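Number of protein chains: 2
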Amino acid sequence: MSFNAESAMRVNPPAPAQSWKGFPKYNFVGGHNDSASIPAKELAVSVTSILNREGSDLATYGLQSGPQGYTPFREAIASMLNRRAGMREDANSILVTSGSLQALSLIFDLFLDPGDVVLLEKACYGGTLSRLRTRSVEYVGVELDQEGMRADSLDQAIRQVKAKGKRPKMIYTIPTVQNPTGRVMSEARRHQIIAVAKEHDLPIFEDDCYADLIFAGGRPPAIRALDDDGRVVYCGSFSKSIGPAIRVGFIAADWPILSRLLALKTDGGTGAIEQMALSEYLGEKFDAHVDSLNKTLKTKAEAMADAIDEHFGASAEFERPKSGIFLWLKLPDAVDTSRLYQVASSEGVAINPGADWSTEETYGKKRLRLCFANPSVENIRQGISKLADICHREFGIPHHSSNTQRQ
Amino acid sequence: MSFNAESAMRVNPPAPAQSWKGFPKYNFVGGHNDSASIPAKELAVSVTSILNREGSDLATYGLQSGPQGYTPFREAIASMLNRRAGMREDANSILVTSGSLQALSLIFDLFLDPGDVVLLEKACYGGTLSRLRTRSVEYVGVELDQEGMRADSLDQAIRQVKAKGKRPKMIYTIPTVQNPTGRVMSEARRHQIIAVAKEHDLPIFEDDCYADLIFAGGRPPAIRALDDDGRVVYCGSFSKSIGPAIRVGFIAADWPILSRLLALKTDGGTGAIEQMALSEYLGEKFDAHVDSLNKTLKTKAEAMADAIDEHFGASAEFERPKSGIFLWLKLPDAVDTSRLYQVASSEGVAINPGADWSTEETYGKKRLRLCFANPSVENIRQGISKLADICHREFGIPHHSSNTQRQ
Chain E
0 MSFNAESAMR VNPPAPAQSW KGFPKYNFVG GHNDSASIPA KELAVSVTSI LNREGSDLAT
60 YGLQSGPQGY TPFREAIASM LNRRAGMRED ANSILVTSGS LQALSLIFDL FLDPGDVVLL
120 EKACYGGTLS RLRTRSVEYV GVELDQEGMR ADSLDQAIRQ VKAKGKRPKM IYTIPTVQNP
180 TGRVMSEARR HQIIAVAKEH DLPIFEDDCY ADLIFAGGRP PAIRALDDDG RVVYCGSFSK
240 SIGPAIRVGF IAADWPILSR LLALKTDGGT GAIEQMALSE YLGEKFDAHV DSLNKTLKTK
300 AEAMADAIDE HFGASAEFER PKSGIFLWLK LPDAVDTSRL YQVASSEGVA INPGADWSTE
360 ETYGKKRLRL CFANPSVENI RQGISKLADI CHREFGIPHH SSNTQRQ
Chain P
0 MSFNAESAMR VNPPAPAQSW KGFPKYNFVG GHNDSASIPA KELAVSVTSI LNREGSDLAT
60 YGLQSGPQGY TPFREAIASM LNRRAGMRED ANSILVTSGS LQALSLIFDL FLDPGDVVLL
120 EKACYGGTLS RLRTRSVEYV GVELDQEGMR ADSLDQAIRQ VKAKGKRPKM IYTIPTVQNP
180 TGRVMSEARR HQIIAVAKEH DLPIFEDDCY ADLIFAGGRP PAIRALDDDG RVVYCGSFSK
240 SIGPAIRVGF IAADWPILSR LLALKTDGGT GAIEQMALSE YLGEKFDAHV DSLNKTLKTK
300 AEAMADAIDE HFGASAEFER PKSGIFLWLK LPDAVDTSRL YQVASSEGVA INPGADWSTE
360 ETYGKKRLRL CFANPSVENI RQGISKLADI CHREFGIPHH SSNTQRQ
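These protein sequences, in sequence, are chains E and P. To convert, note that position 123 of the first sequence is 122 in numbering that gives the first Met the number 0; the numbers rise steadily by one, no gaps. To convert, note that position 260 of the second sequence is 259 in numbering that gives the first Met the number 0; the numbers rise steadily by one, no gaps.
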């Protein structure tokens, strides 16, 4: 009898992944970053320094630091958060995670049961939405304005959930460089969001993974910095500020929460050598690196915005990015970005269709997310031109164009 | 209103973890390894070499290798498995995981539903048993003899599960350097286990994390090497052969299984820098390192066996370890090793009580697992003497002793 693997699997196994064929020619998806900005030599110096000094500690789980993560690294993270985001952390309030994706999973696992409801921005990181769906947790989208998640809409949404007899359980927000809109929540709004959370006695999950990428520098204090009763669980990452192939994120929370997250983290710890690579890099070198990276990202953001203006003209509605690595683009109602995604994929142009980044189908259908951080300026120009060609061919939009390729 | 974190959590949140207080003085638990054997400088060379050459690839998720892991690393793993374990892998049949613990979780998630039954050795790795309990999966212990899991007992156990109307779903085995018994399954027995699996059409999960640690060198071919129809999913690790603070493991499986495991691995990839550290180390250097490590482990194993002979005398039943990092010790019926564990912990001697490593309560109650890899020879001698003191005080066993501390 030959073995039938599928019949041996659980009920409803996931569809098989496709084998990897390399990146598409025009790669505007995901959270890839600028290759030339990677501080590879400095990371190698940090690893080598620590391995030469403390390498024998690799013989024990968690080095000599226990399961929360390498202590000098947690101290460096705390110092960075206090310096950059106005927080008041120390090594004990930090849990190092295997990327912020593990942080998301741990926090959702600790707080949420099937049927619970999470309040979040109506345009929201797709990985959050998919993780909530996997847990059979519902989510309700809250309106955004220029200052971020609206506090009045949040309050109203919570009341509506309660009126339906459901249990609002958590406020999830990306306040600083919101994904995908890039908006930065004002300090005043942060206080308002905390007030709403207090009013309804809900925890706030502050996902701050993009917070270092404000092109002009500076940022408002973290929501966690403004909270005084341990209501905010915070996560961050080095995927966006350094590079996503390094899988190191972190959670900052008060001990009543952190101790339970630690109990759920049964992975034997996060990789020691990844932590070593960042550990001696997080001070002044990191700040200088982020300043330089932001200059590069600004150049690429402008190149993409210019290319969209040129090739999509009045068909495209968007804000010129002042932060982050994404541009959130709205096209006319006639366009279905999920279909555009499929056709463009087959022609080497990768985009994130808005449906994956939205709580509402009609809102998401005409929107798409474009990452400008990884491609070169020239590749951005060519790719946006090609995307406009494809969009025109499929939907008759953009109508008018100066692009001779579309004549 | 002050925030009550616990009331905001899910139903039945886990108990909080304790904050870490450092390792106990006599640390005979877990899978810690020999500090002096860590090849820290060579790992630093490997990281630095690759970062200097390919560091800009950190800008993309998965480097330029896709989600299965860094391609040169997967090639090196495949080559190592083919060379050392008689397997026939290539980079496409390898999935790099964040430690073998992630491999366990992924494989259990793919194959098992609540109520399914897994067949495994009656003395078995505690992390496997706890993961199955968390999933509400049942397990049935199979007898072991000197050649490993008994094929006749396995067949009988499967038939009994079926007779009860339950669904046997997987055979899980640690055939090479079994945890905790240290036994190595003979090649003949491997063929017999495959035959039983075929007879009942079950997959085999071969957990081979300790397989490099046979003191005399050499090992039988992996079960996966002897299987011809893709029935075996295999996992390995570098925690035992290099050091557990490095969180890199791997799965080897045919594509119908591997592609689904990959679909379940939604962590953004395993840390690139961890993979780089091992990537250029896995050839001749690795083989020489393992030979040297085995010599050290043999010395420590003998020190522990001698100390047990000296301090426990005829009260202790055990096999002198010829492999691995553990000694599996049986004490007389009067001893309850779970109580011994509690008392010893409070006095700085850490042991793994047999109950956590067994499928049967009465079998586990009088057994314990001792790790000899991390402590020094002198620390082993002192710690075993102290453990005998505590055991004598609590249970009147060992009766006679040459240890003056107990006069």
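Among the hints, erroneous ones may be present.
[Said to hold, decoys possible] Derived DSSO-like pairs (lysine-lysine); straight-line CA-CA distance at most 30 angstroms:
1) K329/P <-> K284/P
2) K364/P <-> K40/E
3) K365/P <-> K40/E
4) K329/E <-> K284/E
5) K364/P <-> K284/E
[Unchecked claim] Examples of chain P residues lying across from chain E (beta carbon under 7 angstroms, computed):
6) A7
7) V46
8) A58
9) P113
10) S135
11) V136
12) V139
13) L225
14) G242
15) A244
16) I272
17) E318
Simulated from the structure, these hints should not be mistaken for lab results. Remember, it's a predicted structure, so these values are computed and weren't measured experimentally. The beta carbon of each residue, even a glycine, is placed where N, CA and C say it ideally should be.
Hints, verified against the model:
no.	hint	verdict
1	K329/P <-> K284/P	38 angstroms, violated
2	K364/P <-> K40/E	53 angstroms, violated
3	K365/P <-> K40/E	54 angstroms, violated
4	K329/E <-> K284/E	38 angstroms, violated
5	K364/P <-> K284/E	55 angstroms, violated
6	A7	5 angstroms, holds
7	V46	5 angstroms, holds
8	A58	4 angstroms, holds
9	P113	10 angstroms, violated
10	S135	12 angstroms, violated
11	V136	10 angstroms, violated
12	V139	17 angstroms, violated
13	L225	14 angstroms, violated
14	G242	3 angstroms, holds
15	A244	4 angstroms, holds
16	I272	5 angstroms, holds
17	E318	25 angstroms, violated
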